[in-house]
Amino acid sequence: MKLNIDGLLVYFPYDYIYPEQYSYMLELKRTLDAKGHGVLEMPSGTGKTISLLSLIVAYQRTYPLEVTKLIYCSRTVPEIEKVIEELRKLMEFYTKETGEKNNFLALALSSRKNLCIHPEILHANIVVYSYHYLLDPKIADLVSKELAKKSVVVFDEAHNIDNVCIDSMSVNITRRTLDRCQTNVETLQNTIQRIKETDAAKLREEYRRLVEGLKEANVARETDIYLSNPVLPDEILQEAVPGSIRTAEHFVGFLKRFLEYLKARLRIHHVVQESSPQFLKDIYEKVCIDRKPLRFCAERLRSLLRTLEIADIADFSAVTLISNFATLVSTYSKGFTIIIEPFEDKTPTIVNPVLHFSCMDPSIAIKPVFERFQSVIITSGTLSPLDIYPRILDFRPVTMASFTMTLARTCLCPLIVGRGNDQVAMSSKFETREDFAVIRNYGNLLLEMSAIVPDGIVAFFTSYVYMENIVASWYEQGILENIQRNKLIFIETQDAAETSMALEKYQEACENGRGAILLSVARGKVSEGIDFVHHFGRAVIMFGVPYVYTQSRILKARLEYLRDQFQIRENDFLTFDAMRHAAQCVGRAIRGKTDYGLMIFADKRYARADKRGKLPRWIQEHITDGSLNLTIDETVQLSKHFLRQMAQPFRREDQLGLSLLTLEQLQSEEMLQKISQIAQQV
Amino acid sequence: MDEEPERAKRWEGGYERTWEVLKEDESGSLRATVEDILFQAKRKRVFESHGQVRLGMMRHLYVVIDSSRTMEDQDLKPNRLTSTLKLMEYFVEEYFDQNPISQVILFFIGKVLIEHHVSNPKKHIAAMKKAVNSMCVGEPSLYNALNIAMQTLKHMPGHTSREILVIFSSLTTCDPANIYDLIKTLKALKIRVSVIGLSAEVRVCTVLTRETGGNYNVILDESHFKELLMYHVKPPPASSSSECSLIRMGFPQHIIASLSDQDAKPSFSMSHLESSDGGPGLTLGGYYCPQCRAKYTELPVECKVCGLTLVSAPHLARSFHHLFPLDAFQEHPLEEHKGDRCAYTIKVFTCPACSSVFCTDCDLFIHDTLHCCPSCIHRQGTS
Chain Z
1 MKLNIDGLLV
11 YFPYDYIYPE
21 QYSYMLELKR
31 TLDAKGHGVL
41 EMPSGTGKTI
51 SLLSLIVAYQ
61 RTYPLEVTKL
71 IYCSRTVPEI
81 EKVIEELRKL
91 MEFYTKETGE
101 KNNFLALALS
111 SRKNLCIHPE
121 ILHANIVVYS
131 YHYLLDPKIA
141 DLVSKELAKK
151 SVVVFDEAHN
161 IDNVCIDSMS
171 VNITRRTLDR
181 CQTNVETLQN
191 TIQRIKETDA
201 AKLREEYRRL
211 VEGLKEANVA
221 RETDIYLSNP
231 VLPDEILQEA
241 VPGSIRTAEH
251 FVGFLKRFLE
261 YLKARLRIHH
271 VVQESSPQFL
281 KDIYEKVCID
291 RKPLRFCAER
301 LRSLLRTLEI
311 ADIADFSAVT
321 LISNFATLVS
331 TYSKGFTIII
341 EPFEDKTPTI
351 VNPVLHFSCM
361 DPSIAIKPVF
371 ERFQSVIITS
381 GTLSPLDIYP
391 RILDFRPVTM
401 ASFTMTLART
411 CLCPLIVGRG
421 NDQVAMSSKF
431 ETREDFAVIR
441 NYGNLLLEMS
451 AIVPDGIVAF
461 FTSYVYMENI
471 VASWYEQGIL
481 ENIQRNKLIF
491 IETQDAAETS
501 MALEKYQEAC
511 ENGRGAILLS
521 VARGKVSEGI
531 DFVHHFGRAV
541 IMFGVPYVYT
551 QSRILKARLE
561 YLRDQFQIRE
571 NDFLTFDAMR
581 HAAQCVGRAI
591 RGKTDYGLMI
601 FADKRYARAD
611 KRGKLPRWIQ
621 EHITDGSLNL
631 TIDETVQLSK
641 HFLRQMAQPF
651 RREDQLGLSL
661 LTLEQLQSEE
671 MLQKISQIAQ
681 QV
Chain E
1 MDEEPERAKR
11 WEGGYERTWE
21 VLKEDESGSL
31 RATVEDILFQ
41 AKRKRVFESH
51 GQVRLGMMRH
61 LYVVIDSSRT
71 MEDQDLKPNR
81 LTSTLKLMEY
91 FVEEYFDQNP
101 ISQVILFFIG
111 KVLIEHHVSN
121 PKKHIAAMKK
131 AVNSMCVGEP
141 SLYNALNIAM
151 QTLKHMPGHT
161 SREILVIFSS
171 LTTCDPANIY
181 DLIKTLKALK
191 IRVSVIGLSA
201 EVRVCTVLTR
211 ETGGNYNVIL
221 DESHFKELLM
231 YHVKPPPASS
241 SSECSLIRMG
251 FPQHIIASLS
261 DQDAKPSFSM
271 SHLESSDGGP
281 GLTLGGYYCP
291 QCRAKYTELP
301 VECKVCGLTL
311 VSAPHLARSF
321 HHLFPLDAFQ
331 EHPLEEHKGD
341 RCAYTIKVFT
351 CPACSSVFCT
361 DCDLFIHDTL
371 HCCPSCIHRQ
381 GTS
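Just so you know, the sequences run in chain order Z and E. Mapping of the first sequence onto the UniProt record's numbering: position 308 corresponds to residue 308, and the numbering continues sequentially without gaps. Mapping of the second sequence onto the UniProt record's numbering: position 260 corresponds to residue 260, and the numbering continues sequentially without gaps.
Okay, chain E solo, but in the shape it has when bound:
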């Protein structure tokens, strides 16, 4: 019990009316509803296929996290802040996984403003947690947060997307100036602002997102929160007016020097020179910039010396599936497909191309992780 904070006891929390969701069927059994709830939860995806639209592949995302007094509210367990940070950790990981050539900046608004340029997600989030934990006081200012984000984003090149995502827990904002003027400026700069509200619908956020073309959602519970966050992992459609430009990119090869090789000399990675947290400074092999031969241990990165964007081919390939998403599978009732290979629950799904049959879990796995139908690929291989 000691490691738990005093206030987080179960009986001190809110009333949760979990029983209200359950409804008895005609025979008085709950089984159907329980299965239905589980099914819905699995099936609920934010897959609205964009069709053939240009997507902004290079993204600059500014995540603004409210860290005001209301973040200590315990309606998310153990409290809103901890829950949010945990989800952010997951979000940043997913974000870089799916948008390898993009940037994200985490930013906290509360009494103290903390800004983090994230390149290595894991390390930063741990550090941030420590910094933020003690400072949930006061009221936030949406104006100040947007203003700072805007100052940074407006210098980003025109071919990248400029996005702000605000995780807004408070219901009030104490602004130093008229926020509607700022909204106009944001709109003019083509900065998309999306908001995820943690408590209720606030008018100014509705206007803000509507004007700048973003989304506004309010969470119902923690799983809904996660779902809403994941929606922002996918790149948004690029505005038709954004510039097109050729970008120089380097594809450095990973050169591995074995310890037995006498010529190999350990050297510093460029990205480690600036970070103060020490870590293993000297390494043997690494990625060498094709232009200036500076060494990096991790990709993707922007070369500190010559400014070239360094990526690996798989990174680009991973962004590719956003452009050609796998079609949604068709839903069929279970009766038609008894005795196939998967563990079916209520519904089955068939691929529109090869009409193979999958269960709910497989369907999710294929769409969220594989991004291609294994059955189709199998056929291509054999023919």
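Only chain Z is shown next, with the shape it has when bound in the complex:
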């Protein structure tokens, strides 16, 4: 159908449209008009992707000078493939409707096997790839630096974007890294030696270039061709590479010295935490390495690798990592912390020293993106509370909106279970988590649910350790045996192969009617990437509130930073983080309007307003006073009723006019009135 979105003609490749899609496109259009950034939350399964694509492509066609390119970032390869599939539909629709052959070029960067290096790809209208191509400074420099300023950048499934940013800027160095680095440096030295004998002119040429400074890069940045790289700060570009590392041999010597220093730092017996300036002072005192050459380290190494014409960069990942670390640590005096731990917390007897160079400020990595591109859209099914993202990513959005799901039938049923039948409060909080009564009540809840929920149940625990304890305890109490009469039990482990095997068998058991329960962990692989559509997840049970492990030193440092820099209280951030993971977990079960599922929050703390208020609006609006602080019995009754209701025949006609609209229905005055209430501005 052809839609009129606020004066813009949008081709929409389906005959029906959800009201929230229309509303979403309106907000999106407003953001593009204002040439600003936007934060939009819309539940999964309501057609976010196609709404985004239709509107932005239409915008590009109508105002070709305003928006030249769409950069669509998603998390995983299957998600990228989904986007391409929708895009293909859209393009077919365009060809059919307009009759002309479209000259749109779309490009997906998914894996090396699909790689194309034809120069024409630079002019693609749409680029779809993974977050890392834009955020990770190591890759962004290779792939994304030539993207035009007048692009629209979309981050889909962006609820974890701050963690992606932090990960892309953080460096962990172990003894193994250093050993491999040592080998790298030796290889470099040998290669230099060889080249010196055969082709000394090449090295001289490089030297000359370095004296000139990185002028070229500077010219490029000033004329605004390249995306700035956070690893390559502006100041560097104005200066020449310092003399101490200008010749290849000197640089290798420099690297060796740096390496030895790091090795010495790893030989410790107690935890050390220090800031970047402290580290720099120490390195100057110990091995006389100045701040300046360190800052040029990454660029110098790149230049050297180019000069030596080393084809396989992957072999040199260790030395690249070290040199990136050197540049980062000398460039940013704020926003980073260095923690050296002699052993892991879990195994205090085994010596395994690690140097964490940890980024605490996600805005550092994403800053160039916000500064460069005229519109950046952050969107996901769970972004609540919306206002926290602009704060931690340090940007000013022009639109922030949360959309609800219009439903012809209430297909989600969030229930907060706070007590067992014996009235003992259920909670995973630290003081009571080992309590026998709590564990037994959790077991009873799962047992009762296994008897009334058909096919698949997914249960999430707060951590692997907690899951192991509880399952062991259930086994002793005979609860597991009872559950197994109703359903088979599968467990997610930290081993990826084992987990995918368990998943496969879980789905088989759901398929053939035996029924199954998957016990998994919030923040694990299952909670993020795997969808449990229809019978694969008729109920999700969230045992406890998935707070992050708060004793970690890196987290403590980050919390302190957030408090000092952004005035976000520790508790607020921790709750926000826990609730977004809880929302992600329970959101696994509902993947569309024809799907249905129970969402059971098994912890009395969820009933509190500060927790409940941080759930996405589309879940929150279905939590009534009658679904708070329930006992197991009450939960069972409500669930039974819900499942029977949902099992009644549900056809497309039932949705039409309510949650699914034809063009005529969309244009009615009354409907437009209703649609305006779907979006909630923040």
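None of these hints come from the bench; they were simulated from the model. All of these numbers come straight from a predicted model, not from anything done at the bench. Every residue gets a Cβ at the ideal spot worked out from N, C-alpha and C, and that includes glycine. Possibly wrong hints are sitting among the right ones.
No farther apart than 30 Å at their CA atoms in a straight line, the calculated lysine-lysine pairs in the BS3-like style are these [stated by the list, open to error]:
#1 Z:Lys29 <-> Z:Lys149
#2 Z:Lys196 <-> Z:Lys150
#3 Z:Lys505 <-> E:Lys184
#4 Z:Lys674 <-> Z:Lys614
#5 Z:Lys29 <-> Z:Lys89
#6 E:Lys86 <-> Z:Lys640
#7 Z:Lys556 <-> Z:Lys281
#8 E:Lys77 <-> Z:Lys640
#9 E:Lys187 <-> Z:Lys505
#10 Z:Lys640 <-> Z:Lys82
#11 Z:Lys640 <-> E:Lys190
#12 Z:Lys256 <-> Z:Lys281
#13 Z:Lys101 <-> Z:Lys150
#14 Z:Lys281 <-> Z:Lys334
#15 Z:Lys96 <-> Z:Lys82
Pairwise CB distance ranges (calculated) [as the list claims (entries may be wrong)]:
#16 E:Glu227 <-> Z:Asp625: 44 to 52 Å
#17 Z:Phe650 <-> E:Glu227: 28 to 36 Å
#18 E:Tyr180 <-> Z:Gly592: 22 to 30 Å
#19 E:Gln151 <-> Z:Phe650: 31 to 39 Å
#20 Z:Thr410 <-> E:Asp221: 12 to 20 Å
#21 Z:Gly592 <-> E:Gln151: 35 to 43 Å
#22 Z:Asn482 <-> E:Pro176: 20 to 28 Å
Since the structure of chain Z is provided, determine the placement of chain E on it from the hints.
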């Protein structure tokens, strides 16, 4: 209190949120909603007219009743099993009333499998109740049940319908083999499988019914359960590929011998010879097979001696109305027809042929029991 089982006490049952259905109107009164609920309940019929389609008049129906652990659940009163058996009793009666030339086999799946070939509904259900009552344990196997039903049904002649109706209470099935292979076989054999779920929607049942062309429904409460069961009383449309064949049938006359007649000799009914439950063995009159003169006291029956199907003419006539159902009456608001003969409630109904006016209760009675409009017949008589 003694005759009641200990666990069936009212306060031990589930929470029933009956008040949630009620909604106040603008003036705060509940009357409108109550009337509406009553009306809806009466009006709710599963009358989807098939139009002109062939119906399978001779049916072979296999009713599989889950008797696993979950049948002891008390969400139907007093428990699922008792409630189901009570409804089955009604169902079998209705079934034979409307499909006199059909067969039904009741079959229980649980730890023990019980099979019953029903010819005389009342007696069998009583016996079954006794047998089943004590054995609600373990998990059911859908595969085994379907397999056994299939073994029997696949030998039925091609012109009859082959149907399985599963009353499935459990949410799990412990199968010895891949059920999807069995579904393929069932599909190939043109066996229609319908499922009535007592708890929730199970994926495998959805696939099973979709593949074999049956219906899948999940009950909301007891009255909905009854309604769903009654839907299966009506014969399903026959598949276009089913065979057509001529069937020999006998129409024996009922010969009544009076006690005063000296020549009359009491004799055994053939159907009583095999049944072990005794009963009145020797009777005077009866139905005599026109082919071999074997005597039966009840119709319809298949002659034990020569295999002829024995029916009476009214039996065939009763199956007839499925082929030409009475058109649904048109609904009108009450205001237009004040002061007619029936006790109208909210809506009135008019016959499309003679435009006579009926109330909700009459409408139901005409469609469910009479199968013809009395007003139309009255006119035919007078003209």
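Hint-by-hint comparison with the structure:
1. Z:Lys29 <-> Z:Lys149: Roughly 18 Å between the alpha carbons, so the hint for lysine 29 (chain Z) and lysine 149 (chain Z) holds.
2. Z:Lys196 <-> Z:Lys150: Violated, at roughly 46 Å.
3. Z:Lys505 <-> E:Lys184: Holds - the C-alpha atoms of lysine 184 (chain E) and lysine 505 (chain Z) are around 22 Å apart, at most 30 Å.
4. Z:Lys674 <-> Z:Lys614: With a Cα-Cα distance of about 25 Å, the restraint between lysine 674 (chain Z) and lysine 614 (chain Z) holds, given a limit of 30 Å.
5. Z:Lys29 <-> Z:Lys89: holds, 21 Å
6. E:Lys86 <-> Z:Lys640: holds, 23 Å
7. Z:Lys556 <-> Z:Lys281: Since the Cα atoms of lysine 556 (chain Z) and lysine 281 (chain Z) sit roughly 24 Å apart, the hinted pair holds (cutoff 30 Å).
8. E:Lys77 <-> Z:Lys640: The given pair, whose Cα atoms are some 16 Å apart, holds under the 30 Å limit.
9. E:Lys187 <-> Z:Lys505: holds, 26 Å
10. Z:Lys640 <-> Z:Lys82: violated, 35 Å
11. Z:Lys640 <-> E:Lys190: violated, 34 Å
12. Z:Lys256 <-> Z:Lys281: holds, 19 Å
13. Z:Lys101 <-> Z:Lys150: holds, 25 Å
14. Z:Lys281 <-> Z:Lys334: holds, 15 Å
15. Z:Lys96 <-> Z:Lys82: holds, 21 Å
16. E:Glu227 <-> Z:Asp625: 44 to 52 Å: violated, 33 Å
17. Z:Phe650 <-> E:Glu227: 28 to 36 Å: Roughly 18 Å apart at Cβ, these two residues miss the hinted range, so it is violated.
18. E:Tyr180 <-> Z:Gly592: 22 to 30 Å: For tyrosine 180 (chain E) and glycine 592 (chain Z) the Cβ distance comes to about 25 Å; the hint holds.
19. E:Gln151 <-> Z:Phe650: 31 to 39 Å: holds, 35 Å
20. Z:Thr410 <-> E:Asp221: 12 to 20 Å: holds, 19 Å
21. Z:Gly592 <-> E:Gln151: 35 to 43 Å: 40 Å Cβ-Cβ, so the 35 to 43 Å window holds.
22. Z:Asn482 <-> E:Pro176: 20 to 28 Å: The hinted range 20 to 28 Å holds for asparagine 482 (chain Z) and proline 176 (chain E), with Cβ atoms some 23 Å apart.
The structure is inconsistent with the numbered hints 2, 10, 11, 16, 17, although it conforms to all the rest.
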